[in-house]
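Guided by the hints, dock chains B and C onto chain A, whose structure is given.
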Amino acid sequence: MEEYFSPGHTACAGCGMPIVIRHALDVIGKDVIVVNATSCLEIVSSAYPKSAWGVPYIHSLFENSGAIAAGAVASLRVQGNDHTKLVIFAGDGSTYDIGFGVLSGMLERNDDVLYICYDNEAYMNTGNQRSGSTPFGAATTTSPAGKVKHGKTQWKKPIAEIVAAHKIPYVATASIGYMADFENKVRKAKDLKGARFILVLSPCVTGWNYDSAKTIELAKLAVDTGLWMLYEIEDGKFKLSHRPQQFKAVADYLRMQSRFKHLNEDEIKFIQEHVNKTWAEMK
Amino acid sequence: MVRKTVESSIAIAEAVKNCEPDVVACYPITPSTHIAETLAKFYADGELKNFIATESEFASISCICGASAAGGRAFSTTSSQGLALMHEVVYAAAGMRLPVVMVVGNRALSAPLNIWCDHQDSIAERDSGWIQLYCESSQEGVDSAIQAFKIAESTMLPTMVGVDGFYLTHTVEPLDIPTMEEVRKFLPKFQPQVRLDPENPISMGEYALPDTYQSFREDVHKDNLAAKSRIVEVDKEFEQMFGRGHGGLAQGYKSDDADYVFLAMGSVIGNAKEAVDELRAKGKKVGVVKIRSFRPFPEEEVRKLLEGKKHVAVFEKSYSMGSFAPVYADVINSLYSLKKRPVVSSFIGGLGGKDVPVKTVLEIFKTIRKREHMRIWV
Amino acid sequence: MKLPIANPRTSRENKTGDWRSFKPITDTAKCIKCGTCVSVCPEGCISGVDVKKSLQEREFPKTDYDYCKGCGICANECPVKCIKMVQEEK
Numbered sequence: 001m002e003e004y005f006s007p008g009h010t011a012c013a014g015c016g017m018p019i020v021i022r023h024a025l026d027v028i029g030k031d032v033i034v035v036n037a038t039s040c041l042e043i044v045s046s047a048y049p050k051s052a053w054g055v056p057y058i059h060s061l062f063e064n065s066g067a068i069a070a071g072a073v074a075s076l077r078v079q080g081n082d083h084t085k086l087v088i089f090a091g092d093g094s095t096y097d098i099g100f101g102v103l104s105g106m107l108e109r110n111d112d113v114l115y116i117c118y119d120n121e122a123y124m125n126t127g128n129q130r131s132g133s134t135p136f137g138a139a140t141t142t143s144p145a146g147k148v149k150h151g152k153t154q155w156k157k158p159i160a161e162i163v164a165a166h167k168i169p170y171v172a173t174a175s176i177g178y179m180a181d182f183e184n185k186v187r188k189a190k191d192l193k194g195a196r197f198i199l200v201l202s203p204c205v206t207g208w209n210y211d212s213a214k215t216i217e218l219a220k221l222a223v224d225t226g227l228w229m230l231y232e233i234e235d236g237k238f239k240l241s242h243r244p245q246q247f248k249a250v251a252d253y254l255r256m257q258s259r260f261k262h263l264n265e266d267e268i269k270f271i272q273e274h275v276n277k278t279w280a281e282m283k
Numbered sequence: 284m285v286r287k288t289v290e291s292s293i294a295i296a297e298a299v300k301n302c303e304p305d306v307v308a309c310y311p312i313t314p315s316t317h318i319a320e321t322l323a324k325f326y327a328d329g330e331l332k333n334f335i336a337t338e339s340e341f342a343s344i345s346c347i348c349g350a351s352a353a354g355g356r357a358f359s360t361t362s363s364q365g366l367a368l369m370h371e372v373v374y375a376a377a378g379m380r381l382p383v384v385m386v387v388g389n390r391a392l393s394a395p396l397n398i399w400c401d402h403q404d405s406i407a408e409r410d411s412g413w414i415q416l417y418c419e420s421s422q423e424g425v426d427s428a429i430q431a432f433k434i435a436e437s438t439m440l441p442t443m444v445g446v447d448g449f450y451l452t453h454t455v456e457p458l459d460i461p462t463m464e465e466v467r468k469f470l471p472k473f474q475p476q477v478r479l480d481p482e483n484p485i486s487m488g489e490y491a492l493p494d495t496y497q498s499f500r501e502d503v504h505k506d507n508l509a510a511k512s513r514i515v516e517v518d519k520e521f522e523q524m525f526g527r528g529h530g531g532l533a534q535g536y537k538s539d540d541a542d543y544v545f546l547a548m549g550s551v552i553g554n555a556k557e558a559v560d561e562l563r564a565k566g567k568k569v570g571v572v573k574i575r576s577f578r579p580f581p582e583e584e585v586r587k588l589l590e591g592k593k594h595v596a597v598f599e600k601s602y603s604m605g606s607f608a609p610v611y612a613d614v615i616n617s618l619y620s621l622k623k624r625p626v627v628s629s630f631i632g633g634l635g636g637k638d639v640p641v642k643t644v645l646e647i648f649k650t651i652r653k654r655e656h657m658r659i660w661v
Numbered sequence: 662m663k664l665p666i667a668n669p670r671t672s673r674e675n676k677t678g679d680w681r682s683f684k685p686i687t688d689t690a691k692c693i694k695c696g697t698c699v700s701v702c703p704e705g706c707i708s709g710v711d712v713k714k715s716l717q718e719r720e721f722p723k724t725d726y727d728y729c730k731g732c733g734i735c736a737n738e739c740p741v742k743c744i745k746m747v748q749e750e751k
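Protein chains in written order, with this note's numbering: chain A, 1 to 283; chain B, 284 to 661; chain C, 662 to 751.
The following block holds chain A by itself, in its conformation from the complex (with noise of 0.2 Å):
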């Protein structure tokens, strides 16, 4: 089997992001141009004069992979190359903040490009600073949990719902905690044409600070308590993936990261309510 994304980087041990990469790559081929934002994953992938990547790749800037996507995609067609796909890797802080707008302008001309956005909920690369994506309640540098304020008051950045309302053929969530779920949504999004989504839970060892061992039982468990839901809207119809048939308690994902370790009971119980209403609205 072809090496598409080689060991060597320098992602931290237990990094759920070079997991995304690995399952995406394997499942759409190497048929494959690869554009990546500025991101912890370019930093440990492509320092000169080295590369970890085993398929065409090029980093830019740290908000532009829309454009710089729908300019590589336009340029191969018109070159003749009908078959070629254009992936963008970018995590939350090019995708929700920075590059929204570069994004925005992607989706609205629905250029042929997977956009796959691997979350960690922070910019992770400049030390953990809270991002439109962090969590309600993470403590993140910006965001710290100090004697007035107790972390992010915000809530995450609906992106998925965003991107979705743009009415692009294909917007999905996943996580690495459902890796069939996932490599199965890949799959479906790399054969459809136009403008695609797939937002895909990836937890930071680091910046969530939480024992490196349990990267993939974290990502499970974000979906088994209800906090990160997995579905699909294909041509605007919504499909969920899962629906857990015990939901697990918040807490228990809460419990096992530092980012939230100054959380009360009743401001976990707030975001227990927050899930549970969520759920509840959902038919």
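Think of the hints as simulated: they come from the structure by calculation, not from any bench. Predicted, not measured: the structure shown is a model, and the values here were computed from it. No incorrect hints appear here.
Okay, derived cross-link-like pairs now, DSBU-like style, lysine-lysine, Cα gap no bigger than 30 Å in a straight line:
hint, chain 1, residue 1, chain 2, residue 2
1, B, K587, B, K653
2, C, K713, A, K190
3, C, K714, A, K190
Frame of chain A; chains B and C shown alone:
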């Protein structure tokens, strides 16, 4: 060639179309909007391979970088705030050696907001490593746009062609536009050294640690300098094929035996030549030096053109606030090694579209008869 | 012309195995060749266990200790807990 009496933006767009770019991505901004609109119409009529109407200038230059990295010939156009918004990508394009071409309708930078001509926008990008050409006339705009692809693709340096906003974008005059067949004979197919290709998967846009970064920047600088000969060659090749050149890197007009010289870039050269003709008719020994290539800056040519002169007025439509005028600084740098240097004075004007008529040039020539060094905002 | 580019898979020159303090040891007597460890390893440095092959044809997982960072995910996820994280000796 086809001769058309048409707005210069339209002619420039047609010239670009005839270069058969693979991807054109634009965002509209006065005064380069008409170039974008004309290209969009060509695309809608099936005459242009791709036109991406992006959501910002930041996206349009990023699009063309992606297109170029994927092996395509790519073009965009912008002005002023748009170019300023592109700043980050301008540096990335040069550092990644992507030979994209951009026509800049030179316009003032905010604040205050102003839509009219000056050079502050492209001058602000002068340190990036891009090749920068400044055009004297609309015809030169048309021709330099075509030449830019050849220069960029053979030097692997992105190339900017400055056309003064409104003066060289909106004026209407008879212009000769090379046809697609003629351009095909002049411009070879784009053959990139490296490209994004699954059959040969390389990684582009690596990150460089302190031990290697500087060598990349030095390399861009060296190759930018080396581009001087290419700019001259391409202009000569163009002249051979189409019957007109535009002065290579820099060109004198009645400057050989001149004592007093007016040096500048852009459309003001036209008025300068008229002023010189008027003064020459009265027996005054005056001349013009036109800088066409600002980056790379033609140090040797400027030395040759200005050596022995009594007083040189460097006129420009930009400034480095708190210090010096950029073209002036490049000129005095070029002359530094001369044992006997002319007096060089700095004149700043035309900002925000402020008119620089023949009268102003005549006044500058009168002012520099005093052989003392001066820095004056006109 | 110096380009900020790199050849593919050259990261392999960087042996990250020296990062680890704990080393995963697989007990092949208990291993059921499910391929979970291969799947979950962030480095992709466990080979063997080609799940496309039949169970009899599959090889046991083999960890490439040149790259294993000792994160412990394989041990944590193994359904039969046949991987032990053993402290590295100096």
